[in-house]
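Peer 1: Build the complex from these two chains, which are given one at a time in their own frames, with help from the hints.
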Amino acid sequence: MKSVSRILAIVKKEVRQLRRDRLTFGMVVGLPVIQMLLFGYAINTDVRNLRTAVADQAGTHLSRQFIAELGQTQVVDIVAFVETGADLEDLLLRGEASIGVLVPKDFDRRIIDRSRSAVQLLVDGTDPTILGVANQLVSMPLNFDTARADASTRNPIAIRPYFNPERRSPLNIIPGLLGVILTMTMILFTSVALVRERERGNLELLINTPVSSGELMIGKVMPYIVIGMLQLALILAVGRLLFAVPVRGNPFDLLLAASTFVAANLALGLLISTAAKTQFQAMQMMVFILLPSILLSGFMFPFDGMPKFAQYIGEILPNTHFIRLTRGIMLREATLSDLTPDFFYLIGFTIAAMLLATLRFTKRLD
Amino acid sequence: MPTGYAIEARGLTKQFGDLRAVSSLDLNVPRGQIYGFLGPNGSGKSTTIRMLCGLLTPTEGTATVLDTEVPGDSNALKPKIGYMTQKFSLFGDMTVYENLQFMAEIYSYPSANRRERIEQVLERYDLVRQRRQLAATLSGGQKQRLALACAVLHHPELLLLDEPTSAVDPQSRRDFWSNLFRLAGDGTTILVSTHYMDEAERCHRLAILDHGIKVADGTPQELQNATGMHILEVVADDPYAAQSAIRELPEVASVTQLGVRLRVLLPEHVVQPAALVNSALQAYAIESTVSVSHATLEDVFVAVTLDPRSDP
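As you go down the protein sequences, you meet chains U and A in turn. Per the working numbering, the first sequence runs over residues 1023 to 1388. Per the working numbering, the second sequence runs over residues 5 to 316.
Not one of these hints is a red herring.
The calculated lysine to any residue pairs, modelled on SDA-like cross-linking and capped at a C-alpha distance of 25 Å, are: (1) U:Lys1385 with A:Glu12; (2) A:Lys91 with U:Arg1038; (3) U:Lys1034 with A:Val132; (4) A:Lys91 with A:Ser170; (5) U:Lys1385 with A:Thr17; (6) U:Lys1385 with A:Arg14; (7) U:Lys1024 with U:Glu1036; (8) U:Lys1034 with A:Ala140; (9) A:Lys91 with U:Leu1225; (10) U:Lys1299 with A:Thr61; (11) U:Lys1034 with U:Leu1252; (12) A:Lys91 with U:Glu1036; (13) U:Lys1034 with A:Gln137; (14) U:Lys1385 with A:Asp77; (15) U:Lys1385 with A:Leu23; (16) U:Lys1024 with U:Leu1378; (17) U:Lys1299 with A:Ser50.
Interface residues of chain A toward chain U, partial, derived using beta-carbon atoms under 10 Å: (18) Thr61; (19) Phe95; (20) Glu102; (21) Ala151.
No lab work stands behind these hints, which were simulated from the structure alone. Remember, predicted model here, so these are calculated numbers, not experimental data. Don't be surprised by glycine CBs; every beta carbon is placed ideally from N, CA and C.
This is chain A alone, in the form it adopts within the complex (with noise of 0.2 Å):
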């Protein structure tokens, strides 16, 4: 009976050399949802993912995966996780066809049911008429549909993607995770790590990494609801001139420019603070309208990744 969490982390720290990777993490992946890991390159995501695979051994810490200790027996693990790493690793000299039949040998899929469960990826992930073709030349969001063919072929009980969407177009980008509600409809727990905020959005539950620390978790809506800040949206005929100004003022943590639009972030203590980034605006004479609005996910990353907190 499958209770309590896919994968539970306790303290899971990595150290390369002077580099701590990742530092003292917390997880607690809920079963049969999407769990996301939001955060910039180098923040420690790929290190996460392939500890709790047992590719990499945490310096500290350990973690429960499926009910199996880690660091442990990973071979254990192995055929109850399905794995697709950020850079394309199938065999690009074989067809599309021959590598789910390579995996499908390696992971022992039931030679009975093996062509049939292969036609059903082939057909679910739209490959039908690439099968023959060597995976070298397939496309990007081809190439991306068939790892992830290839990753859930066995019937994982756990699926890790590690960044899976960085070399695709949009539409394969919501293809792909129509496919991932499928799956996780179907039961399946899905770790997946991005950058994209869009993405981190339509997760269950995401955490936010920064420079191997987990700075926030929750749920999208949760995150959003408790950035601890206030959030203006000031539209100005010269955006330029106006994040200067906005600069200026002592109280503002970030301005980030989206078009003509600027979004200003202020710590929840700052009474009033439209009113005090008006006058700022004003005393530069700046044409422009002030408006309180709120955080998006992106508002709460930047939030978060500041972390003014840490430094006293």
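This is chain U alone, in the form it adopts within the complex (with noise of 0.2 Å):
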């Protein structure tokens, strides 16, 4: 009973110092906010008018056509137009347009031909989605005879988006980032908890009375997972608003999924307390775990795309597999029992990383 009483005192004191404490106050419902709509608005794959310059050598009827229905697709913006294809090349380096289109002369009988290509596009590769649109522009139909468009032009793979039929992109980020706001967040505030007492002076004080190691790990996570659900809640109802991004699963299931994480980065963050000496430390070493939480997760690149060695470490973090239970729950209608791999893994993580900061926490100074 004294212990239930002691973790209840921590709890009261954490949440009165939060509660005067505007800045880490405001981090709680300004972080997810900003990071919502920079997210939601700024990444956006669908790429739109790339500046491009055209050598149209060819000058004739079909070639003009060509060149007019590419503007068409605005895809591309056309900015200028040069003479050879070293002039292209020119642009492309000094960075004035990212795609040179180059029309041949012979660009009317390579149409009939059909065994060579009749066009080529000198791109900027240095910019992965560049390519990405450049190789959507080679699908384009090239036909000018009417008459077989149709059996021409169909292409020989037909995709069906699943889930995101309306390819929307804040529809893949808005779960991803769920994860990635709840770990920036929660890893802070536990991070510098037992740092910042160690600097006050506040802890050679707590360590002095019978609190035990336990009773005062516990006592710092619980008034955070509230905050957790806080921040959840903020963000599913911003997506929801702002970017009609669904809960298709079960809202309880999101919840308990979310919890759980939430635990988890509460833990890591406590247990990166244990081991920083000064509050800068801890924010280093939060960085430290934030950085591959946000590539390595699956949130910014497919996960199967990574080499194995970064999927192992990706594995690892508790992010990875919350990103699979959002993405699984909100959109594909998922419930909890069909991702319990990923679930018992944050759960395991949880225990361990708890296990972890109490043994390496202990009432001495030396």
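Peer 2: This is how it looks when you write it as structure tokens:
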């Protein structure tokens, strides 16, 4: 009983301190909203209006028609007409155009011939998305013989996008962003939690009281689980209102997955806190976790496309598993029982990190 | 039945890398008394206190604190001791009342009497008007009273105070000491470290620490009677010149200037010390009077930290 009341004493203290810490309180609300707006609006893989230069060496009726159609796709924005391939290369080099379109002298003959490509695209390969767009352009129908159009322009493989028929980026991004935001804020709060008390001298007082390491750890984590849930609600609400991101699965499953994930990150933060000597060190360690959580978790790049080594690192991170859970529950209408390995990993991770943090934290100064 | 000592330490030693912070310390602290640790910064006072309450593990030696072995089950000890850190360690972003409330909860003070007890210490330590003030905004003296209030809230048997008065004005120090005497009168054993002589003088007993070694212990009176030194007081118009002249005497152990007065310490085996010093002053034709004086605690401190016996 004494143990419970000591945990409650710590919880009460944390809540009181949190309430007076405007910066942290602002971060609870501000960080998710700002990130949602940034990621939701800025990250867009549907590229339009790429600056394009054209060298029309044919100058025929057909070539002009082709260039006009190219412009109508809105994928490219034709900014310059030049004479030669060398001129195009020059524009690419100086970064004034991302794509160069070279229409050769014998364009008309090549269209009919079909054994040789009719047009050459010079692409700035430094940006992978531009390269991807160029690939789209390649599949553009180049057939001016209206009679044969249907038969020859049909693509051999048709894509049917499940779960995201409109191919909207926010739909992919927001469930992943949920994980990134929770990782960032939760680890941030707890990683400095113990270190700050150490720096302010509070820890020397605390470890002289009868409170045990375990009680201290649990008491410190509990208020933040509530905050994590608040952030979850906030992110889902903004996602729904601004980006029409649905929660197709069971909201209770999502809540369960999110609270486990929040606990995992809080435990990880505490573990950092027991290792760091100063708040600054704790921040540095946090970045060390945050960066792979963004890059290797499948949030930014498809998990299966990463090298094996990076995948192994990704598998360790809680965020990787949480993103699988959220994408599953929110978009594919999956249930937790469909995704048990990821869910159990999060539970195991939480317990392990919490134990490790408690063991590492001794009520001693040496 | 509380008999014997509140703290008994034997050969307590703490090594930090190459630094021997505390070296083979023996201590006997009687119950219900104020026991002082006097020593300059870095003499091992804080380290000793931290070892006694289980925050640091001694490299060697053992101690019995309130019948609990140290190092050992320090959790059994925690509820029985109150600890006041050198640096203010309460929560600056909580009010005076909230800090006290937190301490009451963490020490599992019976909830039925909790409010009453908090009101009692607010009253006793003159913090009633500050109860809603954030602890960080308190003055030095108020912070110190709050720290003491928090340390004694749960009625500890032993109070460990690590330089409690280093950041407060003289009036606050006086008030603080009257509080300590009241606590000792109620049966609390108090171990207090300080580098102020006037504070050390108020302790029932004290130990003088220097570079981690206990160089003397006893009641202030005992220490003053057993300096092993002649104490002379020299009053001179030009104390600086007098000081230089006296220092030339090989017998002189130490000269300390206090305004126009000089305190001169010579080992007890020197015969006729006053005549010796007088002749040195007259050799330089310095106007002065030399008189024999009694040892103050400061003289004791100077005498024992000189420690000429240790280098043969």
